Amino acid sequence: MGTGYRIRVASEGIKHNHKLSKLTFDRYPENRAVSDPVMLARVDAMRKSGAKARGILMYLREECANKATILKDIHNLMARLKASSNPGDTDADCAESVLRDLCEHDKGAVASLFVDSTRVLQTASFQSRKMRHLFAAFPEVLLVDTTFGTNVNRYKLFSFVVHDIHGKGQYVQHALMTSESKAHMKDAKKVVALCDGSQEHKQALKDIFAAMHPLFKYFLKNWDGITEEWVSYQRSNVPHLGNNTNNRIEAKWAKLKDLIRPSAGVYECLATLLGLQGICENEYEVELNKIGTFCLPKDDEYQCMDKRQLGELKQLANMVSMHAYDIINAEFKAALRVSTSYKICIRQDSVVELLNEDEKRQHLLSLEDFTCSCIFSQTQLLPCRHAFYYRRSTIAFAGTQFESIIPFKISTQGGVSNKS
Numbered sequence: 001m002g003t004g005y006r007i008r009v010a011s012e013g014i015k016h017n018h019k020l021s022k023l024t025f026d027r028y029p030e031n032r033a034v035s036d037p038v039m040l041a042r043v044d045a046m047r048k049s050g051a052k053a054r055g056i057l058m059y060l061r062e063e064c065a066n067k068a069t070i071l072k073d074i075h076n077l078m079a080r081l082k083a084s085s086n087p088g089d090t091d092a093d094c095a096e097s098v099l100r101d102l103c104e105h106d107k108g109a110v111a112s113l114f115v116d117s118t119r120v121l122q123t124a125s126f127q128s129r130k131m132r133h134l135f136a137a138f139p140e141v142l143l144v145d146t147t148f149g150t151n152v153n154r155y156k157l158f159s160f161v162v163h164d165i166h167g168k169g170q171y172v173q174h175a176l177m178t179s180e181s182k183a184h185m186k187d188a189k190k191v192v193a194l195c196d197g198s199q200e201h202k203q204a205l206k207d208i209f210a211a212m213h214p215l216f217k218y219f220l221k222n223w224d225g226i227t228e229e230w231v232s233y234q235r236s237n238v239p240h241l242g243n244n245t246n247n248r249i250e251a252k253w254a255k256l257k258d259l260i261r262p263s264a265g266v267y268e269c270l271a272t273l274l275g276l277q278g279i280c281e282n283e284y285e286v287e288l289n290k291i292g293t294f295c296l297p298k299d300d301e302y303q304c305m306d307k308r309q310l311g312e313l314k315q316l317a318n319m320v321s322m323h324a325y326d327i328i329n330a331e332f333k334a335a336l337r338v339s340t341s342y343k344i345c346i347r348q349d350s351v352v353e354l355l356n357e358d359e360k361r362q363h364l365l366s367l368e369d370f371t372c373s374c375i376f377s378q379t380q381l382l383p384c385r386h387a388f389y390y391r392r393s394t395i396a397f398a399g400t401q402f403e404s405i406i407p408f409k410i411s412t413q414g415g416v417s418n419k420s
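Per the UniProt record's numbering, the sequence shown starts with residue 1, numbered consecutively.
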């Protein structure tokens with residue numbers, strides 16, 4: 001066509017090139033979509049709480065029976081809702097908005113955000129007010145580990161967990177980071193040989209690696225001579241407070257990942273962590289202030305106790321958490337067994353020595369606060385079997401209200417009170 005040539009449409013005629021029916025109209029994408037503002041708000045709340053697309057679809061099928069919504073529509077709807085709820089242009093802006101909201105509503109909370117020169121988020125961490133209080137109350141054992149697959153940006157999630165008075169793990173800090181502390185990780189090659197005993201184990205390795213494999217040489221040089229530091233059965237006396245692995249933090253991550261999706265953005269991951277942390281804090285407060293009943297089990301060891309000893313255990317159950325009670329109860333029953341025997345010697349005015357001739361071990365017990373030199377007393381900060389045995393065996397405490405178990409005003413100094 002030459003320059004200046006134009007086409008003018010004088011009239012038009014429109015008609016469908018397919019069959020028209022109500023079924024076709026209802027199945028049209030625009031008509032399948034949910035448009036009710038109330039339903040959209042509910043779907044958005046379900047999406048933020050970690051609901052799956054299929055579960056949302058089942059909910060909408062019940063609430064909107066006249067809609068022929070399919071799974072693809074739900075995925076599109078969730079994507080639109082996610083885009084509309086984005087509080088900023090970049091991950092750093094979104095994360096900053098979430099953390100600022102936390103600090104505004106929780107006056108004792110602290111949060112930090114670090115970005116590089118190009119405004120790319122490097123780290124984001126937070127502690128709520130109750131998380132800080134939990135760490136201040138239980139700083140003795142701190143579990144630290146990292147996990148993956150919590151956000152689409154592949155940031156690593158570092159979590160810090162303490163061991164509370166109920167014997168459970170409680171989060172005290174979360175942090176999202178771009179990488180681990182070391183820039184590079186070296187691959188390790190694992191070689192395994194199965195045998196019946198330690199001598200056979202060494203001989204099997206020598207037979208397999210006749211030319212002294214470098215890994216075997218490294219093992220003999222650096223590990224074989226210090227088995228007491230890493231072999232489980234040789235570390236039976238090492239204090240670990242029930243945390244000989246990262247078992248607690250791994251168990252908590254398993255529950256956390258049920259709600260955090262790998263496709264979530266960094267700010268969504270932070271928002272979900274904050275929501276879950278609020279639930280955990282509420283559960284902890286309910287457990288801490290729970291009122292209930294307690295009955296002593298009818299086992300053989302309880303049947304051998306007299307009424308005074310049973311009464312002491314019942315009073316103990318009202319003083320401490322059930323987790324602390326179970327730990328103290330085990331020590332109490334061990335002290336009352338007929339087979340338990342210690343030789344008591346006075347070392348100083350306020351210190352006595354308890355010697356177990358079978359185990360060839362001696363323990364120093366302070367008579368001022370009944371703390372002991374044993375690993376149990378030093379790590380658990382609870383009265384041990386040596387204190388119970390001494391009080392039961394000494395006439396000075398016979399007939400008193402607390403003949404064997406340490407009085408409440410003394411035991412609270414060791415941190416066993418359920419009001420920690």
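Among the clues, some could well be false.
[Stated by the list, open to error] Capping the alpha-carbon separation at 27 Å, the derived lysine-lysine pairs in DSSO-like fashion look like this:
no.	residue 1	residue 2
1	Lys-168	Lys-156
2	Lys-52	Lys-22
3	Lys-52	Lys-15
4	Lys-82	Lys-156
5	Lys-156	Lys-48
These are computed hints drawn from the structure, not numbers from a lab. Keep in mind that this is a model prediction, so the values were computed, not measured.
Each hint, compared with the structure:
no.: 1; hint: Lys-168 x Lys-156; in the structure: 24 Å, holds
no.: 2; hint: Lys-52 x Lys-22; in the structure: 31 Å, violated
no.: 3; hint: Lys-52 x Lys-15; in the structure: 41 Å, violated
no.: 4; hint: Lys-82 x Lys-156; in the structure: 22 Å, holds
no.: 5; hint: Lys-156 x Lys-48; in the structure: 21 Å, holds
When the structure is compared with the earlier hints, violations turn up for hints 2, 3 and for no others.
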